[in-house]
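Heads up: the sequence lines are chains Z, V and P, in that order. Using my numbering, the first residue of the first sequence is number 1174, and each one after it goes up by one. Using my numbering, the first residue of the second sequence is number 8, and each one after it goes up by one. Using my numbering, the first residue of the third sequence is number 1189, and each one after it goes up by one.
A couple of the hints might just be wrong.
Listed next, the in silico SDA-like pairs over lysine to any residue satisfying Cα-Cα at most 20 Å (straight line) [claimed, not checked]:
1) P:K1217 x P:S1658
2) P:K1217 x P:Q1439
3) P:K1217 x P:S1206
4) V:K129 x Z:T1204
5) V:K181 x V:D169
6) P:K1217 x Z:D1365
Hints in this document: simulated from the structure, not taken from any laboratory.
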Amino acid sequence: MTALAPREASRARTASTAGATLQAEWTKARTAPGTFWLLLAGAGLTVALGLLADAATRCQAAACAIDPAKTALIGVYLGQAVIVIAGVSAIGGEYGNRMILTTLTATPRRSIVLLAKAVILAGLVAVTGVVAVGGSLLAGRLILPGHGIGPARGLPPLSLGDDAVLRAAIGTVLYLVLIALLSLGTAATTRDTATATGTVLALLYLFPIIAAVAGAQAGRHVQQVGPMTAGLAIQATIGLRDLPIGPWAGLGVLAAWAAGALIAGAASLRSRDA
Amino acid sequence: MEATIECSGLRKRFGPTVALDGMSFAVRPGQVTGFIGPNGAGKSTTMRVILGLDAAQAGTALVGGQRYASLRFPLRHVGSLLDASALQPSRTGRNHLLWLAHSQGLTSRRVDDVIERAGLSKAATRRAGGYSLGMRQRLGIAAALLGDPSVLMLDEPFNGMDPEGIVWMRGFLKSLAAQGRAVLVSSHLTSELQDTAEHLVIVGRGKVIADTSTADLLAAASGDRVIVRTSAPAEAAGVLSRAGGNAEVTGPDTLTVTGLAADRVVPLLTASAISFSEVSAQRATLEQAYLDLTRDVTDYRAQEAAR
Amino acid sequence: MSTTTRTRPATARGLDDSFRALVRAEWTKFRTVRGWVIGMLIAALVTVVIVLLDHSSCGIVTPNGAPVGCSATIGPAGEAVTDDFYFAAQPLTGNGSLTARLTALTGQPSLGSWAKGGIIMKASTRPGSAYAAIMLTGTQGVRMQYDYTGDIAAPGKTAQAGSVSAATPLWLRLVRSGDSVTGYESADGTAWTTVGTVTLAGLPGTIQAGLFATSPGTSRITSESITGTSSSGGIAYATAVLDHVSLASSQPAGPWRGVAVGRPGPGTGFRHSGGRFAVTGSGDIAPGSPNDGGTPVERTLFGAVAGLITLIVVAVMFMTAEYRRGLLRVSLAASPRRGRLLAAKALVIGSVSFAAALAGGLASVPLGEWLLRSNGNFILPASGLTQARVIVGTAAILAIAALFALALGAIMRSTAGAITTAIVTTVLPYLLATTMVLPAGAGDWLLALTPAAGFAIQQSQTAYPQVIASYTPGNGYYPLAPWAGFAVLCGYAIAAFALALVLLRRRDA
Chain Z
1174 MTALAPREAS RARTASTAGA TLQAEWTKAR TAPGTFWLLL AGAGLTVALG LLADAATRCQ
1234 AAACAIDPAK TALIGVYLGQ AVIVIAGVSA IGGEYGNRMI LTTLTATPRR SIVLLAKAVI
1294 LAGLVAVTGV VAVGGSLLAG RLILPGHGIG PARGLPPLSL GDDAVLRAAI GTVLYLVLIA
1354 LLSLGTAATT RDTATATGTV LALLYLFPII AAVAGAQAGR HVQQVGPMTA GLAIQATIGL
1414 RDLPIGPWAG LGVLAAWAAG ALIAGAASLR SRDA
Chain V
8 MEATIECSGL RKRFGPTVAL DGMSFAVRPG QVTGFIGPNG AGKSTTMRVI LGLDAAQAGT
68 ALVGGQRYAS LRFPLRHVGS LLDASALQPS RTGRNHLLWL AHSQGLTSRR VDDVIERAGL
128 SKAATRRAGG YSLGMRQRLG IAAALLGDPS VLMLDEPFNG MDPEGIVWMR GFLKSLAAQG
188 RAVLVSSHLT SELQDTAEHL VIVGRGKVIA DTSTADLLAA ASGDRVIVRT SAPAEAAGVL
248 SRAGGNAEVT GPDTLTVTGL AADRVVPLLT ASAISFSEVS AQRATLEQAY LDLTRDVTDY
308 RAQEAAR
Chain P
1189 MSTTTRTRPA TARGLDDSFR ALVRAEWTKF RTVRGWVIGM LIAALVTVVI VLLDHSSCGI
1249 VTPNGAPVGC SATIGPAGEA VTDDFYFAAQ PLTGNGSLTA RLTALTGQPS LGSWAKGGII
1309 MKASTRPGSA YAAIMLTGTQ GVRMQYDYTG DIAAPGKTAQ AGSVSAATPL WLRLVRSGDS
1369 VTGYESADGT AWTTVGTVTL AGLPGTIQAG LFATSPGTSR ITSESITGTS SSGGIAYATA
1429 VLDHVSLASS QPAGPWRGVA VGRPGPGTGF RHSGGRFAVT GSGDIAPGSP NDGGTPVERT
1489 LFGAVAGLIT LIVVAVMFMT AEYRRGLLRV SLAASPRRGR LLAAKALVIG SVSFAAALAG
1549 GLASVPLGEW LLRSNGNFIL PASGLTQARV IVGTAAILAI AALFALALGA IMRSTAGAIT
1609 TAIVTTVLPY LLATTMVLPA GAGDWLLALT PAAGFAIQQS QTAYPQVIAS YTPGNGYYPL
1669 APWAGFAVLC GYAIAAFALA LVLLRRRDA
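Next comes chain Z alone, as it looks inside the complex (with noise of 0.2 Å):
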């Protein structure tokens, strides 16, 4: 039986099934091909639209109540979208494949499994996300105050110096992972890429849309449980008192609907059969 015998030279340090699976994970998401080129292109894409109403939005009235710190960062509405894919993918992808199974007779505990998945996720989304709002209060900044949204009108300036301002990116990064979070539950729950990508983006934006014709009552209340209408309340950095929701409030919500999503995936991953 010596041939069994563990061969300790090729064993690496990490001794914790939850430390290998994290490393296995992380593995997974560097190898994958399009990893990269996706979180890159989610946080290209969330400076291009900012860059688009930077540039679009203009202020000639003495007073003005365009928020830069929202404006600058309105990216992230078209941004959110592409960290959708990489959430939904980082599970749903491995039951298109089959590879689930693979991955769940190397690591039979499922909920470290997620929870490695989770982690790794949320790593590189927040990289993503310091990157996108970094770029998007970056171009805000540049041109903003030239089209009259600036300290000029007694606006708040752009700058990180300034606690809504700070608020609303350090808000943003962990909304974006939040969506990210949301959306690797989903998956884990429905199984299916299509059906979670569907029904994460009709979460996203069918709340904004129901709470335009709900009337202005019901509409308020729909803004307050939506994922994305709650979540982004912490980009606010003026006329906090009109919000249907409080900006730190705002993103407890949607942290509720990623932790919803997360639980419930974790007890499909359990209950079923893989």
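Starting from the known structure of chain Z, fit chains V and P onto it as the hints suggest.
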């Protein structure tokens, strides 16, 4: 960990279909155990239950006395190949093995080892999606060997392999068993396992029909026969019967002999100056034995299908 | 005979047969996947369910608790109109003409661009009745307007409100002959220029003719925000001063009577002394505008966006499912001509999507109208043809968007990627533009350049240049005309199919 697989009383149904109906057997170390049965007999489901991918509604499946899901780095104890195409086609074969290695706390050195052992060195840096079925089986074997496990469980590993690959696979499985590992190999083609499996678990309709050594199964099946073609069958029958054989005239110039080996038939006939045009030994095949055993099951299935 | 038929090379007839078989095969593929069929049912259902969430209401609750809904003035062609002005009138029976000399048009607090004063012939003093008028406007020169939507600018260089005075007056004349009314203008009362002749079908024998003035409310942008602009505005008045008024008629002229048509506001009226009239009015005689609070019929179809998301998911899966497990190789073995395979798929998914969307639309329009009306909303009238265009057009844009998604699936081969691209190019621009997340100008660009332009087919109300109103996507007004927007979406779908075809032919299966 002890190199064994033990299943007892596994039951599972998918809606109205009974997949496992009290499946019980044990796999011992040091030999290749064939897991044989017609399509739909429950072989793959049993393996999925052993690996914790599917949950059985009753019964237990243990590997080395433990539940698979309780193993901390399961691939270091059990190597398995269930579905060779269950991989991401856009990743290279090597990177596929790399993430698997990392999931077990192993390094890339081990990956290169198994790539070489599975004969994949040339293809390892290509996209796995472009592999032929045989190449994918080799990649699956490499993945199964990654953790140097004491138990190996392979579902239809001969699928899609060319004759050269089949020969390689047989030798490879035998050598793995010779190192003291327990090796369970499923197949619906008995011929593939003819000279490889020393022990057989034959299943049908979700339960074990026979759990026996290959030698016993062959012996139990109709024994070796010798066919003699001669112009004087009656004389030949007399000579061979006197020598202790059991000869029967089965055609105008044909004789079927049992109880005498072919290398004894030839000198006996020559000594008695009986001319013959052909003496051929017919070995009982595993195929034959298997078909005898599973006839009921397959008949039942054919009737089911016809209904 | 049968053998010759069988061995004959594929004729046009044979091609038809094989294509029909291919379509049938694709239809079988579609209907045997339960999830896709359920998806189509959901697409129809969700369109209806979302409409039930519409809780917008209109109107007031009277002190005794009875709600009074909103309403609108209806013009002669059945459309919603605004008809508020002050009118110094007398009856005119049979053919005749009215002439007056305008010496001043002023406004309070300021003279609005479309403030108007002049002479008018109107079927009755009931708001919404047929009329023809010739007038001077605040900044738009001399115009002849009729039946609310008609607007003819006087030819050549005309008088402007700022330059009209007693020294440089503006003569106006309306001549009725049967159902037709002709408007003239003149600088001196002798050399007349024809501005236009219009026919007012069914004009009664006795009509009201007289002098009028009115002015739409002013609005001044006080603050801009990303969700729109805040304006301070208020009621505005126009005062027209006229003399040399003569009514030529077969009947003897009677006394001038002041009539407040519609709700011309407080402080309106007319003074008459020594042949000089000063008429002060407020409001507008114009087509209805989104500012008036009516609800367009397409509001009952906003659930179609939700249906669209479902259709996109099913359409993309119908294509990308071919790329999983090598199903495409089987399909191409059965039908080696790849273009035909794509066409068959498109025919199946397009028809099914259209049917599902149409079913959803036909159910949600009456349901939505009932719900809106019961909440006091006034549904803006639209002709039967327009309603048909809105409902069938909505089903058509959904079906074409589904085809666009199908083609994206063939191009990208990635399910998540194709679904996201389709949704981001159709639903997201619609969302950004209609919920006014973007400044209005940027929203217009999005709805002109992206596949979401197709939603223009839903617009039932017309935007008129003679009305200053928020003609924004959020209010149901699109930058492109209905069929132009539809054409943009079709263009995207065709381009996607062309690319899909090229790639499908070039790539290995």
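For each hint, the structure was consulted:
Restraint check for K1217 (chain P) and S1658 (chain P): the C-alpha separation of about 48 Å exceeds 20 Å, so the hint is violated. Between K1217 (chain P) and Q1439 (chain P), the direct Cα distance comes to roughly 80 Å. Violation of the 20 Å bound is thereby established for this hinted pair. Taking the CA atoms of K1217 (chain P) and S1206 (chain P), the gap is near 16 Å; set against the 20 Å cutoff, the hint holds. Our distance criterion of 20 Å between C-alpha atoms is met by K129 (chain V) and T1204 (chain Z), whose separation comes to about 19 Å.
The suggested pairing of K181 (chain V) with D169 (chain V) holds, with an alpha-carbon distance near 18 Å, which does not exceed 20 Å. Pair hint K1217 (chain P) plus D1365 (chain Z) holds up; C-alpha atoms about 19 Å apart against a cutoff of 20 Å.
When held up to the earlier numbered hints, the structure conflicts with 1, 2 and fits the remainder.
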